[in-house]
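Peer 1: Taken in order, these protein sequences are the chains called W and Z. The opening position of the first sequence corresponds to residue 1 in this note's numbering, with each subsequent residue numbered one higher. The opening position of the second sequence corresponds to residue 1 in this note's numbering, with each subsequent residue numbered one higher.
Which copy is meant is left open, so a pair is good if it fits within one copy or across any two.
Straight-line C-alpha distance at most 30 Å; calculated DSS-like pairs for lysine-lysine:
{"hint": "1", "residue 1": "K53", "residue 2": "K385"}
{"hint": "2", "residue 1": "K358", "residue 2": "K214"}
{"hint": "3", "residue 1": "K53", "residue 2": "K304"}
{"hint": "4", "residue 1": "K58", "residue 2": "K385"}
{"hint": "5", "residue 1": "K304", "residue 2": "K385"}
{"hint": "6", "residue 1": "K76", "residue 2": "K221"}
{"hint": "7", "residue 1": "K304", "residue 2": "K351"}
{"hint": "8", "residue 1": "K60", "residue 2": "K385"}
{"hint": "9", "residue 1": "K26", "residue 2": "K53"}
{"hint": "10", "residue 1": "K238", "residue 2": "K271"}
{"hint": "11", "residue 1": "K271", "residue 2": "K76"}
{"hint": "12", "residue 1": "K76", "residue 2": "K315"}
{"hint": "13", "residue 1": "K26", "residue 2": "K315"}
{"hint": "14", "residue 1": "K280", "residue 2": "K351"}
{"hint": "15", "residue 1": "K280", "residue 2": "K76"}
Don't read these hints as lab results, they were simulated from the structure.
Protein chains: 2
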Amino acid sequence: MVIAQSGGPSMVINESLVGAVLEARKSARIGRILGARHGILGILDNDYIDLRKPSAAKLKAIAETPSSALGSCRRKPDAADCKAIFEAFRARDVGYFFYIGGNDSADAARIVAEEAEKANYPLVVYHIPKTIDNDLRSCDHTPGFGSAARFVASALKGDDLDNRALGGVKIDVIMGRDAGFLTAASALARERPNDGPHLIYLPEVPFSLARFEKDVLACLKRFGRCVVAVSEGIRDEKGVSIGAQFAGGEKDSHGNVQMSGTGALGDYLAKVLKATGKVKRVRADTFGYLQRSFPGVASSVDQKEAFAAGQAAVKAALAGRLAKGTIAIARDGGARYKVAFVPRPIQEAAKFTRSVPKAYIARNGHDVTAAFLSYARPIVGALPKCTVF
Amino acid sequence: MVIAQSGGPSMVINESLVGAVLEARKSARIGRILGARHGILGILDNDYIDLRKPSAAKLKAIAETPSSALGSCRRKPDAADCKAIFEAFRARDVGYFFYIGGNDSADAARIVAEEAEKANYPLVVYHIPKTIDNDLRSCDHTPGFGSAARFVASALKGDDLDNRALGGVKIDVIMGRDAGFLTAASALARERPNDGPHLIYLPEVPFSLARFEKDVLACLKRFGRCVVAVSEGIRDEKGVSIGAQFAGGEKDSHGNVQMSGTGALGDYLAKVLKATGKVKRVRADTFGYLQRSFPGVASSVDQKEAFAAGQAAVKAALAGRLAKGTIAIARDGGARYKVAFVPRPIQEAAKFTRSVPKAYIARNGHDVTAAFLSYARPIVGALPKCTVF
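Go ahead and model the full structure; you've got the sequences and the hints to work with.
Peer 2: Below you can see the structure in the form of structure tokens.
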């Protein structure tokens, strides 16, 4: 078998890798367990790690380490890539391919699987879900989201306390190109009625600068201060991204515009508020890559689920459930939080994304509902308690 | 007594507040314990919290909460402010004034103390040190620094792993207007010889764009990737701040230009690298206010020392050691880490700042020395272990 990681890293993507590897080690039907470095690039470059070698203790330590231990890539395979992949696989007698990543990685795995069928190369392909954006249609929630959300909610807790001390407006720009789940999770920071974030802007609600100004001024009037959580992916009424104009237009081979790794959107929103002349102190922070890589803040539920998703993919592949599958995560509707890992056709995870449902967005357009909080809380886990006078 | 907090918040400034309050509660010579909200503004506005009221459990919870629980300000008191302060103090029979903050706060406390002498108002004034910048001349290191450094070093650990996965250049902009201690602390992130940060730029070393480009290209050649830690306070050969030109020119009443709360410096450095045409992927993050407010990552040594500094100030004031003092933190030169809290004249902490000593800066101008690591390690404490293949 070959396993690889693709797309943006997360705090728990290595849990999925190790879950899959330890499950595979249990089976007599798996020979070599090869980890391709930097996704499919490692297959094309013949760059592998022998995953039978590391001790269980080393694998455990890697599982608990953020980012993609095998390295990652953002390559969409074309027909030529696939041909080269099957040649490489044939030379090593590879019958199973596991790809851990988001919707683009699922799509890459789907392409490999379909091209394998066309080429009559016998290959079982499983996608293992991962994305901090939480936007896979196949999952109630995705591994990686809970931990990134825990970082965001913790950060907002601290930032709200900072804003209490010095006042004014604080804008925090949060990851999520297409879906606002991570920005919505900032609401988990609140312990008291006057805690921030006071305003939450998601890509799912058309963003208007005029309304933003109005919202902020109303908040200043009410609380004497204002903490704003805003998604990097906010769009205007025409669906045009507000942030993309500042981001330099860099695109990956899936066609995604680079959004993160720049503070321009936050600075722009701060400038807009300062220009009103009605707000004295405005600061903007863009949380950036720390949201997916900061060590020591992972959600323990997220860690366990990421591990289980990796295990489930290998189990399903060995059981011959589907030739090309993904592991869907389904939540039991009961009062106690419980999830199931279900093999589903890979198409259900590929390419298309899921938005924050309407039921999770407050009517005023700048907050989340209690239903969202109930949804997110068990995934994110307990947050540090913060006390004020 | 009146106690207040001033300047930028930190993760442990409330430890100092609670240390002082609990120490004061032990003494029969202290009557009311009043916490002024938002520094001296609370005295001018008659806005106090009765600090005899909260239970020990509540105070403990507040000590562990980041940011300034009494609120903060950046006001430099003038003669009129002082006159109003003494009137307010006289009305409440205030004999002791404690001010927790950095060098500007020490200077504010010094002004209050000197004006009190001139006005024949009997007042013992103690400054309690706090600053994440670690730039008080009176202290081996300052409460607040160890915890902010722990955030920075943890962040760099995660970010270095992220950069391993996706490659290219990552620039992290770190707080510190005048002193590079916090940026230097990024070096604590390294566990392995090829770990980032690979380049560290401090305000103490004149920054040249040409040399920066050269350093980055050499690093890419050597490691195939490059993680840069750069201080928000870097200056060119003429001593002109590189970042200040982007920061909008906002100043506080101590004359400090606003540097944080914008991503412009990082974006500028990324643009410079992209413009060379020799670097494919460049991302920049500005860590911003999370460095001083993120809950749950405080250094336990820093917490204890911040608490002890608050206690020491009250003890020294009650012992009548100095009419206007500060608590200096001195490190025992022995092999085992040990510090002493020493009452010193307030002038030693006020106004002027301390830079990173030459012995802590590597000769190449873009790294720190082993001496710095030995200095910083016990203050910052253990960091999460990260494992790679």
